[in-house]
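S.K.: Residue-level listing of the chains:
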Amino acid sequence: MTTDETETTTETDTERAYTNSELMVVAAARELESDDSVLVGIGKPNLACNVAKRTHAPELRMVYESGTIGSNPKTPLLSIGDPGLAAGALSIEPMRNGFNYYLQAGRLDVGFLGGAQIDRHGNINSTVIGDYDDPVVRLPGSGGACEIACHVDRTMIITPHTERRFPEEVDFITSPGYVGGREGRAELGLDGGPEAVITDLGVYRFNDDGELYVDSLHPSATRDDIQSKTGWEIEFADDLQQTPEPTDEELRLIREVLDPEELYTDQAE
Amino acid sequence: MTTDETETTTETDTERAYTNSELMVVAAARELESDDSVLVGIGKPNLACNVAKRTHAPELRMVYESGTIGSNPKTPLLSIGDPGLAAGALSIEPMRNGFNYYLQAGRLDVGFLGGAQIDRHGNINSTVIGDYDDPVVRLPGSGGACEIACHVDRTMIITPHTERRFPEEVDFITSPGYVGGREGRAELGLDGGPEAVITDLGVYRFNDDGELYVDSLHPSATRDDIQSKTGWEIEFADDLQQTPEPTDEELRLIREVLDPEELYTDQAE
Amino acid sequence: MSKVTSMHDAVATAVDDGDSLYLAGFTHLIPFAAGHEIIRQGRTDLELIRATPDLIYDQLIAAGCARKVTFSWAGNPGVGSLPAFRRAAEDGYPTEIELEEYTHFGMIAALEAGASNLPFMPLRGFIGSDLPEHNDNIARVESPFDDDYVYAVAPIEPDVAVIRAQRADEDGNAHLWGIQGEVKLAALAADTVILSVEEQCSEETIRSDPNRTVITADEVDHVVVEPYGSHPSYAQGYYGRDNEAYLSWAETAADRETVEEWLDEWVYGVDDRREYVEQLGTERILDLEPETAYATPVNMGEYR
Amino acid sequence: MSKVTSMHDAVATAVDDGDSLYLAGFTHLIPFAAGHEIIRQGRTDLELIRATPDLIYDQLIAAGCARKVTFSWAGNPGVGSLPAFRRAAEDGYPTEIELEEYTHFGMIAALEAGASNLPFMPLRGFIGSDLPEHNDNIARVESPFDDDYVYAVAPIEPDVAVIRAQRADEDGNAHLWGIQGEVKLAALAADTVILSVEEQCSEETIRSDPNRTVITADEVDHVVVEPYGSHPSYAQGYYGRDNEAYLSWAETAADRETVEEWLDEWVYGVDDRREYVEQLGTERILDLEPETAYATPVNMGEYR
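Residue numbers (the working numbering), protein chains in the order written: chain A, 1 to 269; chain B, 1001 to 1269; chain C, 2001 to 2304; chain D, 3001 to 3304.
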């Protein structure tokens, strides 16, 4: 804990209304449990893990793609291989060991992913928009994403819900969700799967067929906001909830400790 | 270099006649070249490497099965995993890396092997005498030997030439020599192969068919000594040589520096 | 959360009759104290897995604990053969033992498959050898890309692994230096892990040098602090190998009665490793101590 | 025998037009200085292999050095995309580039096969993904022991690897701490290895801590001593990442002309890394310096 964390909260800091990017971080944090081992990504996933660890999940184990295990970074991360992830970690594994012994061997419970397209079954495209051999947009590619999607118990997808981001089928499956449904995934020999999709409009989950539905709406969003930007007729939960708002403590952590420079969250309306 | 090595040689030490076990060490040392990387075993192979390194092959790189690379042991080794192999080594690799990246990947030039039986084609048995499932003698097994025999360029076999140790065919192939001949080995996809067999009677090599022949006789041995203990009619080189005797410096190194307690050599007649 | 316990309690909790067991450590940091505790608690029908069975498995076999030995080199390193192993393998005394045999490389590859959750691991091994005919867990596999081939081994996944390291925190994050052997793989491949160390240290010590960590707490079930727990093998920087013990085992174990006497004196006759060390005596322990030679420091940096 | 040379001479000797090249380092210790020297020497038709192409391959692509990129994640870490890579992949400017694409795990497994001299490496990867349809070096393989299956990747064996470490002796025995990435595998998989370090040290320093060694002299062809050779990436314990450079690259590289200006100023406009560092200026360098935090010592022991 740095001295910043114990500073008295100034009223202005948490009295400002929360933003949807802050709500996304908090909603993701609440998905995590204290005995989870999480493969953490940079940006909102890292913020979410750190919020969870400092609130309800103190034993959360954070593992990074770069092979650092039990990292305890003291400053906001600039990249997945930040020196602050290595200094003070419990262990540092060569890249191969991280994928081989940790991810593939099923030692990680939760992974965070984003993507340019997410479809009805939670399949993710982060490779190309358009044709693979003649792309309209060449995206970065899988990185660790495909095997994270294969091997963790619960994949969390964090992404803004913009136009064209939720087509019925992705242009290219980079990372498998429920493929053609929960049975399709099981036939490939894969356990686990996507657990939640957290956007700036709501929190979505997957039904018994492995199809996306809206579980809670953020206070500022409407059903139509979501449906109008979704490429198929999306289901809403019968008991559709409102996403719980961030607490003052959660906002304080994001604004004062974890992302004071607003690298990964907008903190003003 | 320890202080022992620079001590003045006392006359008694090298004036004693050499023994055949000392001659074996010296003959093995002379097979090594300065740019060789050697997978070293305990006992005579280790002595041979250290004699070579301190005479004609100063750059010799010694790698041990336990994963220590560039070891510089200061005392005679008690085992393949001696702490003196680790302290002061250039690198220590986990066991898997040693076999995977060094041996299998062809980074080692020379390996030393022994065995309970060696046959006409240099195949070695260190597994069982008799039937595998109902052995007369259960031997230790391969350890690293099989893959050493597969992957180094030149295998050196050091063994006393006792009765029944050189049958025409071994009871069990633990480590491949030229299998059924040089072509048999090549068909398996293996390069390299046994280079020399060094016994207390002579130095043997392999002809173009991959068959053992006697290249040099030790001064104390006769053709009949060898033939009478060999399970087939063994060839002798047309220009059969006498094995060169140890020099005073080689004897001094063995007796005063490398094996003063005669753990691995007999130093009296 | 502290996992620190006694070896008695760790073995009582973790090791059942019939289990498959890997006492790890290639010559270095062999868990002798754990083996002796398993003998004292009278476990039977164990599958003893270890690349190099060494004296510790010879003792377990002599005490009648084994039904199977899975191995790649069964000898007394630098000395000769393992008398109790040979009696069991050749004569079925005191128990019949089944053998499952590999080469070192094959054995390590099988552990690697176990640690990695892979159905097989390829290696260029066993080529030209008779071993694959006698082990169904070795199979030839063709390359999908060219005319090449390899052998594959099936995964080895022990029920319990016991590993040792120089130091660990109370959770089981451990630093190991010197020869690494197959320690990490054995721990990762096993269901349950007992970690025994020469010294307990703070979490801060572990975090000061994460590249030195061989295993983290998540893989460790029990932590036992047991100085000299590897005698007569060694712990780099702490004590050397007690070669006298290795040499004398050849004679001790050659005879059924002398091995019983030895077990009575050194295993059944002591309660735990502490009593064993007391019985060894100060002089013998001091003679094994190396001179000090620290590694050159590295700066990890503090990034704020 | 000393292998110490300048980066100019190392690149002139080791890197030819048309070579396949791996500049190693996962975010940490990226060989930026080597990449700039390759640009200065005008190498063309290179196959650029790297899990994470990062800014350094974007610069090589922008300078027209590339014919092919083999990769698993082509982005500006923590920032966004690689503009020059996208222009080449989408519009063929300034050169057409062929893409050979993996996942991180697949890429590392292919390097592992290359380092191990294996015809393929199995992994539970690519499952459910469309990637195997577009890469002939990925194939499905059935388990020889049960109904299970895996994917396999063919070996990657670069002509040249450039790796960096914190310190090495004149022969090329190197210590690396912090994030290890794929540095060792890249060196072992490649034919020729250029090693660049922050500091030269004595052989005694290396031998004092052999567990810290990432690669030994036998695998290294050229040793270059180049402080700050990884800027704007970082060297654990020496300097941190210069995030300003990563952020500004997004703008610099967005436009064909501004990227040319940048290359003129920072690559063609300096003779070597020393001049580059001078141009960065003292203040910028000092701001990247971490506080000191030494690893807790270990005693290797001296065994006589």
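I should point out that these hints are in silico values taken from the structure, not numbers from a laboratory. Just so you know, these numbers come straight off a predicted model, no measurement behind them. Any given hint could be a false lead.
Said to hold, decoys possible - Covered by chain C, per the in silico footprint, the following chain D stretches (three or more residues, Cβ under 8 Å):
1. 3022-3034
2. 3038-3049
3. 3060-3066
4. 3072-3082
5. 3095-3102
6. 3256-3266
Said to hold, decoys possible - One side only, chain C facing chain A, incomplete, derived with CB under 8 Å:
7. N2173
8. L2188
9. T2205
10. R2207
11. W2266
12. R2304
A virtual CB, placed ideally from N, CA and C, is assigned to each residue, including glycine.
S.K.: Next, verify each hint and record whether it holds.
M.R.: Verification of the supplied hints:
1. 3022-3034: violated (count 0)
2. 3038-3049: violated (count 0)
3. 3060-3066: violated (count 0)
4. 3072-3082: violated (count 0)
5. 3095-3102: violated (count 0)
6. 3256-3266: With 0 residues close enough to chain C, the hint is violated.
7. N2173: Since the shortest Cβ distance to chain A is 5 Å, the answer is holds.
8. L2188: Since the shortest Cβ distance to chain A is 5 Å, the answer is holds.
9. T2205: Since chain A brings no Cβ nearer than about 11 Å to T2205 (chain C), farther than 8 Å, the hint is violated.
10. R2207: Given a least distance of 5 Å, the restraint on R2207 (chain C) holds.
11. W2266: Violated, because the Cβ-Cβ distance from W2266 (chain C) to chain A comes to roughly 36 Å (cut-off 8 Å).
12. R2304: holds, 5 Å
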